[in-house]
Amino acid sequence: MDVLEAVLAGIGAGMLAGVFGVGGGILFVPALVLVADLTQVEAAATSLAAMIPVAILGTWQNQRVGTVRWRAAILIGTTSAVGTIAGAVLAERLPEDVLRKAFAALLILTAARLARSVVRDRRVAQVRPDDGAGGEEPGPSPPP
Amino acid sequence: MPAPRNPTIAYVALGVAAGVIAAVFGVGGGIVVIPALIAGLAFAPKDASGTSLAAIGLTAAFGVAVYAVLGRVDWEAAALVGGPGLAGVLAGTAIQRRLSSRVLVLAFCCLLLAVAVLLLVE
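Residue numbers (the working numbering), protein chains in the order written: chain A, 5 to 148; chain B, 42 to 163.
These aren't lab readings, by the way, just hints derived from the structure by calculation. Even glycine gets a Cβ: it sits at the ideal position worked out from N, Cα and C. Worth double-checking, as some hints may not be accurate.
Covered stretches of chain A, as calculated for chain B (at least 3 residues, CB under 8 Å) [what the hints assert, rightly or not]:
# : region
1 : 22–32
2 : 36–43
3 : 82–93
4 : 96–109
Partner residues aside, some chain B positions facing chain A, computed with beta carbon under 8 Å [stated by the list, open to error]:
#  : residue
5  : Val57
6  : Ala59
7  : Gly70
8  : Val74
9  : Pro76
10 : Ile79
11 : Ser90
12 : Ser93
13 : Ala95
14 : Leu99
15 : Thr100
16 : Gly104
17 : Trp116
18 : Arg138
19 : Val146
20 : Leu161
When you get a sec, could you build the whole thing from the sequences and use the hints?
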């Protein structure tokens, strides 16, 4: 039964990766805790291993439609590795509870800001439907 | 916000920030990278998600290399959840292609809120 749940969570994590471009760790880690008796660190390490083939296949799919910007991906991906080491050191010394709430608040603000920009872009598009020149704003993509 | 003329520094800063957050909170860097690329660097939403996933592949590879040396990776368990993940990612990219950028961003906002709630509840 646990195995079935883990398989379903794995599929869900892959779908999050495919639809949004996130790693899916938020589902991989609990799935791993279900199927294997892992410590927090082992679950995180194993979740990264599960992500690699998923990220490769997803990237290949994105590459075929031209939605990977390699320069950005390589710079962000390699410097993240350095950041992870710094974060692991920091995590030992920081008041985690406070940080957790601050980060949650930041995510909520980010969601509000993104949602607002999408709504605003749409209003602009409706007011000026023939503005084919395209502004600086990352609006909805034009029909193919 | 206009895109910076030379975004290299922005990419590097973003990568470091995403790595730190991933290590401290245990949530992936994607949740930080995607909004920053869209709102700060003027990426189209689908470019942000494709680029984020490629970056995650690299970060995960580095992380696994380190953890494998330390003997912390359970390869069998990784295959058990990662294998089904492959089916999921194929379905996910197919779904994403059918969504408008607008719907994609609004759905992503919901994901951000869900993660925020999980962080607050834990």
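In rising order, the numbers of the hints this structure does not comply with | none
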